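S.K.: Those protein sequences? They're chains A and B, same order as listed. Just so we're aligned, residue 1 is where the first sequence starts under our numbering, counting upward by one. Just so we're aligned, residue 234 is where the second sequence starts under our numbering, counting upward by one.
It should be emphasised that the hints constitute simulated quantities derived from the structure, not laboratory data. Every clue listed holds true.
Partial list, computed: chain B residues near chain A (C-beta under 10 Å):
no.: 1; residue: I449
no.: 2; residue: A461
no.: 3; residue: E488
Because the structure is a prediction, the values reported are computed rather than measured. From the three backbone atoms N, C-alpha and C, an ideal C-beta is built for every residue, glycine too.
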Amino acid sequence: MTEETPAISTGIGADPSGLKGVVTDWSHDRQAFQVPWGKAMMWIFLLSDTFIFSCFLLSYMNVRMTTTVAWPNPSEVFALSFGGQPIPLILIAIMTFVLITSSGTMALAVNYGYRKDKKKTVLLMLATAALGATFVGMQAFEWTKLIVDEGVRPWGNPMGAAQFGSSFFMITGFHGLHVTAGVIYLIVTATRVGTGYYDRHRGGNYEMVEITGLYWHFVDLVWVFIFAFFYLW
Amino acid sequence: MAYVAIADRDHEQPMHEPRSFVTKYIWSQDHKVIAIQYSLTAIAIGLVALVLSLAMRLQLGFPDTLSFITPDQYYQAITLHGMIMVIYLLTAILLGGFGNYLIPLMIGARDMVFPYMNMLSYWVYLLSVLVLCSSFFITGGPTGAGWTLYPPQVILPGTPGSDGGIVLMLLSLVLFIVAFTMGGLNYVTTVLQARCRGMTMMRMPLSVWGIFVATILGLLAFPALLVACIMLLLDSVLGTSFFMPALLSMGEVSEHTGGSPILFQHLFWFFGHPEVYIVALPAFGIISDLVSVHARKNIFGYRMMVWAILIIGGISFIVWAHHMYVSGMNPYFSFFFATTTLIIAIPTALKVYNWVLTLWRGDIHMTVPMLFVIGFIFTFINGGITGLFLGNVVVDMPLSDTYFVVGHFHMVMGVSPILVIFGAIYHWYPKITGRMLNDRLGRIHFWATLFGTYAIYLPMHYLGILGLPRRYYTMGDTSFIPDSAQVMNAGISVAALFVSLVQLIFLFNLFWSRTHGKPSGSNPWKATTLEWQTPQTPPKHGNWGPDLPLVYRWAYDYSVPGAAQDYIPQTMAPEDVPTSDASYHGGEGEHS
Chain A
1 MTEETPAIST
11 GIGADPSGLK
21 GVVTDWSHDR
31 QAFQVPWGKA
41 MMWIFLLSDT
51 FIFSCFLLSY
61 MNVRMTTTVA
71 WPNPSEVFAL
81 SFGGQPIPLI
91 LIAIMTFVLI
101 TSSGTMALAV
111 NYGYRKDKKK
121 TVLLMLATAA
131 LGATFVGMQA
141 FEWTKLIVDE
151 GVRPWGNPMG
161 AAQFGSSFFM
171 ITGFHGLHVT
181 AGVIYLIVTA
191 TRVGTGYYDR
201 HRGGNYEMVE
211 ITGLYWHFVD
221 LVWVFIFAFF
231 YLW
Chain B
234 MAYVAIADRD
244 HEQPMHEPRS
254 FVTKYIWSQD
264 HKVIAIQYSL
274 TAIAIGLVAL
284 VLSLAMRLQL
294 GFPDTLSFIT
304 PDQYYQAITL
314 HGMIMVIYLL
324 TAILLGGFGN
334 YLIPLMIGAR
344 DMVFPYMNML
354 SYWVYLLSVL
364 VLCSSFFITG
374 GPTGAGWTLY
384 PPQVILPGTP
394 GSDGGIVLML
404 LSLVLFIVAF
414 TMGGLNYVTT
424 VLQARCRGMT
434 MMRMPLSVWG
444 IFVATILGLL
454 AFPALLVACI
464 MLLLDSVLGT
474 SFFMPALLSM
484 GEVSEHTGGS
494 PILFQHLFWF
504 FGHPEVYIVA
514 LPAFGIISDL
524 VSVHARKNIF
534 GYRMMVWAIL
544 IIGGISFIVW
554 AHHMYVSGMN
564 PYFSFFFATT
574 TLIIAIPTAL
584 KVYNWVLTLW
594 RGDIHMTVPM
604 LFVIGFIFTF
614 INGGITGLFL
624 GNVVVDMPLS
634 DTYFVVGHFH
644 MVMGVSPILV
654 IFGAIYHWYP
664 KITGRMLNDR
674 LGRIHFWATL
684 FGTYAIYLPM
694 HYLGILGLPR
704 RYYTMGDTSF
714 IPDSAQVMNA
724 GISVAALFVS
734 LVQLIFLFNL
744 FWSRTHGKPS
754 GSNPWKATTL
764 EWQTPQTPPK
774 HGNWGPDLPL
784 VYRWAYDYSV
794 PGAAQDYIPQ
804 TMAPEDVPTS
814 DASYHGGEGE
824 HS
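Let's have the full structure, built from the sequences with the hints guiding it.
M.R.: If you want it as structure tokens, here you go:
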């Protein structure tokens with residue numbers, strides 16, 4: 001991007017060495033990161049979103065400490081019975097597997113996007129969206145089971161601390177909204193790749209695929225933390 | 234004056250000049266129009282807050298005389314006044330208003346990087362303001378829980394607005410955070426990625442630095458408020474118990490159990506303390522620019538100022554619990570937070586020294602913006618020093634929840650940033666409208682506001698040391714409060730009325746000068762920064778005409794020895810600078 005720059009000196013001297021050089025380098029004119037605007041913005045947004053999920057998880061840990069009633073055992077609550085045999089956390093394990101797999105298909109989509117392989121990019125993005133939708137579907141099943149069969153409500157449940165239900169619905173609900181938004185985002189971007197929108201408007205630049213991917217990987221990563229802190233603890 | 238062709242920009246997008254009235258002034262994506270929309274909305278809602286504060290002052294100054302102010306309404310006024318001032322006025326006008334207007338102009342960009350999202354940011358902000366206002370008109374009225382919205386009382390029956398007002402308050406806050414995030418992402422990305430050629434970060438005006446770091450703080454601090462709002466919303470609407478312990482309320486056992494009210498305080502202040510600096514840092518930055526322009530002198534210690542902003546921003550995230558010394562948290566926490574609180578005073582004091590040193594032996598022009606600068610420095614030192622008292626746990630304990638806190642807080646976060654906002658409006662109004670604000674009215678406005686606010690807030694420190702509790706509807710007969718305190722309270726109320734009326738002069742000036750002010754030309758203050766070098770005043774859509782500016786120097790080349798003029802614009806190449814004698818060495822910009 002610097003090759004067409006005319007050689008006009010703006011009075012910026014050679015970079016000093018050492019720590020001062022680091023500052024000078026980073027604060028150089030025009031842009032701090034050699035990435036497109038959208039990508040820079042997505043990174044900053046994800047940083048902000050990290051703080052949201054951190055606050056949710058820390059608050060959950062806090063109320064788990066302050067509540068005076070025993071915390072229900074997640075591996076019993078989230079068990080599914082097959083042939084009379086309860087298997088702990090089996091649904092969550094499948095859900096996690098589905099979501100992690102979708103990260104894989106997303107990474108492939110980004111790769112094919114940079115190779116300008118339109119067909120494979122679209123297919124892989126739609127596969128990612130389908131896996132995401134599957135995840136949300138299984139989450140809906142899990143919620144239904146908890147609400148209808150086990151009588152868990154946001155304000156209380158028969159197994160123990162009321163905060164169990166409230167934290168569960170709040171955190172997985174907020175994450176589920178993120179996944180749902182991601183599925184829509186994926187479908188929109190895939191459609192735009194497929195219909196040639198980026199070829200017409202962005203000079204065939206598929207960087208939006210990668211930006212969508214950043215968001216998607218983030219949502220997956222957050223799930224790993226929710227899985228670890230809510231289901232395994 | 235040299236320009237480079239726009240072809241050298243990587244992201245240059247075709248400019249679509251808006252044609253119709255609607256796309257130009259209403260659904261506008263132009264950062265300058267959005268800035269004005271933000272500012273006018275913020276000022277309008279700020280006037281509501283001003284009226285609410287008058288209602289409180291009338292009640293406090295003349296208890297038992299005004300039958301139309303009930304205790305419930307008093308608490309609703311307290312709550313809404315605080316919330317509006319801190320969030321809907323100060324945050325919105327400093328970041329949404331000045332941030333939007335100044336960032337692209339000062340760094341040489343054509344607009345924010347995502348203009349459409351920027352527009353959405355304003356409209357969601359407006360929606361949040363409307364939701365907030367709608368709570369005045371529902372049964373039960375707005376929430377009266379105090380601006381900090383502490384549970385459990387915020388949702389218990391008996392607190393005004395506990396059934397509907399609080400829900401609207403929380404929804405409005407959530408909307409505000411969404412709006413802020415959309416704008417904030419724009420500001421940060423624009424500063425990082427869209428500067429013009431030659432505009433290194435270490436050449437940016439300090440206004441941009443202040444707004445930039447404040448926006449980062451906002452993006453990291455508002456999440457805590459968002460989470461707190463969502464959880465409080467669930468507690469009040471769905472009956473969850475995140476913040477609600479089991480308790481007796483009005484003789485009945487509540488349905489809540491096991492929640493943690495302290496958790497809300499931690500979340501709230503994890504947002505709330507950085508929020509102080511979200512307001513203060515843009516003010517610091519703007520003051521640095523104003524003091525330099527009107528003292529015709531480069532800002533003292535520019536790099537130090539930048540690092541101070543960054544360090545203040547960093548430390549502001551680990552001082553939050555100094556608002557909670559009396560909350561019953563572990564005393565060891567208090568020790569830690571008192572230490573960090575006193576440490577943050579160091580970079581802050583450093584900035585004050587640098588402003589004063591910039592004034593020292595400067596060619597001070599006593600313009601209206603300069604008056605506000607000096608007023609700010611005094612007020613900020615005042616408020617800052619009482620902050621040192623409150624930062625120490627043992628001193629804070631007796632002073633907490635007295636008028637001392639009210640005095641300190643209003644000095645440091647009320648009067649100081651508002652003086653900056655006034656100064657900044659007097660300073661940039663010529664660029665926004667092409668006309669000067671009336672000077673005489675400006676001077677009257679300044680002196681009346683400055684002395685008026687001191688008459689309000691200085692006595693409050695004394696009342697606080699007497700032990701006068703804050704948030705009380707009326708003081709009644711209390712043995713330790715002398716009768717003279719009530720006289721003082723009445724005096725404060727009179728001063729408050731006076732200051733409020735004086736603001737009408739300012740509003741009149743704002744509208745009158747729009748059409749009748751003296752035409753300003755493009756650079757009335759002879760300032761160096763880019764916004765004064767635009768081809769048109771007010772700047773047109775796209776800001777820079779066909780070519781983006783090219784920056785050769787830092788923003789503070791004032792009174793450079795040997796130069797013919799006492800300022801060298803950032804866009805002036807070293808070889809173009811007119812010199813008067815051989816001592817000219819090229820200005821500080823050559824070294825940065």
